[in-house]
Amino acid sequence: MDDDHLARLRELYHGRYWGLVGIETVAAEPGLVTNRVVLREEHLNYNLVVHGGVVSSLIDSAAGGAVRTTRSPEEIALRPHATSDLHVAYLSPATGTELVAVARVVKAGRTAIFTEVDVRDDRGRTVARGMVTFVIAAGPPVPPPANGAGPVSGG
1 MDDDHLARLR ELYHGRYWGL VGIETVAAEP GLVTNRVVLR EEHLNYNLVV HGGVVSSLID
61 SAAGGAVRTT RSPEEIALRP HATSDLHVAY LSPATGTELV AVARVVKAGR TAIFTEVDVR
121 DDRGRTVARG MVTFVIAAGP PVPPPANGAG PVSGG
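Mapping of the sequence shown onto the numbering used here: position 140 corresponds to residue 140, and the numbering continues sequentially without gaps.
Hints listed in this document are in silico derivations from the structure and should not be mistaken for laboratory results. We put the CB at the ideal spot given by N, CA and C, even for glycine. Check the hints yourself; a few may be wrong.
Stated by the list, open to error - Quick list of simulated restraints, FRET-style, between CB atoms: (1) ALA7 / PRO80: 19 to 29 Å; (2) GLU116 / ALA146: 20 to 30 Å; (3) THR83 / GLY19: 34 to 44 Å; (4) ARG40 / GLU74: 33 to 43 Å; (5) VAL135 / GLY19: 33 to 43 Å; (6) PRO73 / GLY19: 33 to 43 Å; (7) GLU41 / GLU74: 15 to 25 Å; (8) GLY124 / ASN147: 48 to 58 Å.
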């Protein structure tokens, strides 16, 4: 396990969407990340199994973490990456007390990075498989307008 990658991912995800869902990074090394979510009542759908959105969020977070371990912070600042395609195959109803996703980078190119993710429940059953593609931007992100208006605004 790479403690530097693990610490950077935990810091990045703290207080963001992943924290809201309860996703945490438990292991990280170049090209390989393990994330988990301890399941709560609000993660369940009306059939009392884990909602597919929780599973897809876990897949996306683990895949994004795996990509981050292959790129330097400076490289990410200059040419950020973002999910461009997320495919999830739901293999079994997800139940139990936690789900664990293991993501690995399959191929990293100049403009795209491809990942695969397996999600298992606390009994070791594979409940979902994901393939996530990330696009790498041509340049740095565009700063928000000076008036404070942006994707998240109060009005």
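* To do: Determine which of the earlier numbered hints do not hold for this structure and return their numbers in increasing order.
  => Violated hints: 2, 3, 5, 6 and 7; rest satisfied.
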